[in-house]
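One letter stands for each residue in the lines below.
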Amino acid sequence: MNSSPSGVAIGLFLSIIAVTLAITYWAQKRSRTAAELYTAGGQIKAWQNGWAIAGDLLSASTFLGGMGMFFTAGYDAVIYTFAPLVGFVVMLGFVAGPMRRLGRFTFVDAAATRLSPTPIRIIGSLSALAVTLMYLIGQMLGVGGLIEIMFGIPYAAAVILVGILMVVYVTFGGMLATTWVQLTKAMLLTFGVSLLAFLALAQSHFSIGELYGRAAAIHKLGADLFQPGGLGLSAIEGASLSMALILGMPGMPHILMRFFTVPDAVTARRSLAISISVVGFVYYVVIFILGPAGVAYLAANPDFTTASGMVPGGSNMVALHLARFLGGDVLFGIIAAVAFATILAVVSGLTVAAASSISHDLYAKVFVRGVVSEKREKLVFRLASVLIGILGIGLGIAFKGQNILFLTGLVFSIAASACFPILVMAMFWKRLTTAGAVAGGATGLGLSVGLIVLGPSVWVQVLGNAAPVIPLSQPAIISAPAAFLVMILVSLATREPETAR
Amino acid sequence: MGGNMKAKVPDIQLDIRGAAYAILAVVIVAGFQAMYYLAPGALARPLWDGANLTLAFLLGTLSLAIPVAIAWWMIRADTADGETFDTSQH
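Sequence lines, in order, name chains G and F.
Just so you know, we're using this note's numbering here: the first sequence kicks off at 1 and counts up by one.
Just so you know, we're using this note's numbering here: the second sequence kicks off at 1 and counts up by one.
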């Protein structure tokens, strides 16, 4: 396949950069206080926040990784859609309203309300940093491959370019710039996948049955392409993955932070319902129409596959090749630009959350105990954004080659095991003590990270060992219940000092 | 939505109704996923004779539609309950 850059692709790519920098310039003038920098002053409207939350969640993992996973494993990719969507409902039922009332800038604000704040802020912010950095790796992997295939720019250079852009957005435009980049990108993505789906269905005379029949006739799984089992997950692993996605969603720091950008709890909940609808639509189109279309039109097409049967650039690039098949260089350029905007928006949101953990939770509230000028806290936020950018670039290069969607599953495991237990228990269980929260949070964080390192995804695929120490690819089924259990047991065995109440 | 919005200090209570709906959504998709392992043959059954679309397609569609419907149902009666910008800034 010819992967030389087209004029359309280059033009749209540069347009995305120009528009997002213009948004940042506009937002920079409106981001003077710490509240404006962290949460856009709490004045974002429900529809804006709803689309921005969708923009936060609809990442490279969803669009590029989702189609790539369907291309290789078929129907099992659907687990990565319904489970996060239910996680959104859990977030709506348990977290959204109370979070808005209790917190100010970060989810740790809410968790620390009833407990001794310093230890809670340390364990909460460490958990948030682990989640956001891992998520950032997935996004960097997507953008590296994307720009490499679009322009022939080396992977590492592409990752560095995106790292610099995200630091500029966050450092100068803060949450306001991030919000508008995210909602613009969510609308572009929704338009892009709708256009692709329309063209894909047109090729099959607008018959999903015909599309599915063509895909099944070509794929090595045959009719099983549309049956569960393609990922080869055992019942335990499947349950663990779903648990991670369902409990991890209400523990994602960058999404929780969005509830502070709206004026009140009602708006927070309304915005979440809007985002669930947008995300559900995009998930459906990506997995149930574009995934099968990628197989039907690319899998046996010598113009779009290599000798191994894979598309050039790997499975994460199926979306782009499908766009070129359906609409030539013009559609390829449009979809590549949409994917690029998608990644820019998500990495910006992640950077805001990570930098806030450092500047607000660790620096302002722990290291200097609240004795800090707003000017200095904003400076620390900006320096932290640069640090996160450097870390994101380094880790993105080091993890080259991992499947994006799989990495996302690991991120959700950490969020489900560390962030969610701390948050929900701190808000709703009045018997929880600081010692219990810290012990449970540390257990969840340590177990989820440790089991991931010792499991097949890192021990074998990254470190090159022959067999994993722990043969479990998704650890949440162990680490999340363990976090809750330790929290309860330690809380029952300890008493909260009166000064902390 | 739980909690007294006029309180001067944070007063957060679990929204029992919202929690119940969230748990309902979890139970529905857990049941769907359990079919992966308990009744894979049923999922492979065509929706009608000769169809390429199977029960897995229908249930997969519902697994995405039901959470969206539940979310809108959950917020249908949301009111500010006396909440003001100040009380939401606890």
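Hints are computed from structural coordinates only; laboratory data are not their basis.
Mixed in with the good hints there might be a few duds.
To be verified - Here are some, though not all, of the chain G residues that point toward chain F, as calculated from beta-carbon distances under 10 Å:
#1 Asp-76
#2 Thr-81
#3 Ala-96
#4 Lys-220
#5 Asp-224
#6 Phe-484
Fair warning: this is a prediction, and the values are worked out from it, not measured in the lab.
Quick reminder that beta carbons are idealized off the backbone N, C-alpha and C, glycines included.
Given Ala-96(G) as an interface hint, is its Cβ closer than 10 Å to any Cβ of chain F? 9 Å, holds
Minimum beta-carbon distance criterion (10 Å), Phe-484(G) to chain F: This hint is violated: Phe-484(G) lies away from chain F, its Cβ roughly 15 Å from the closest one there, beyond 10 Å.
Interface hint outcome for Thr-81(G) [beta carbon to chain F under 10 Å]: With a minimum Cβ separation of about 6 Å from chain F (threshold 10 Å), the hint on Thr-81(G) holds.
Interface hint outcome for Asp-224(G) [beta carbon to chain F under 10 Å]: 8 Å, holds
Can Asp-76(G) be said to touch chain F, with a Cβ gap under 10 Å? 8 Å, holds
Given hint Lys-220(G) near chain F, where the shortest CB pair must fall under 10 Å: 17 Å, violated
Of the numbered hints stated above, those contradicted by the structure are hints 4, 6, listed in ascending order.
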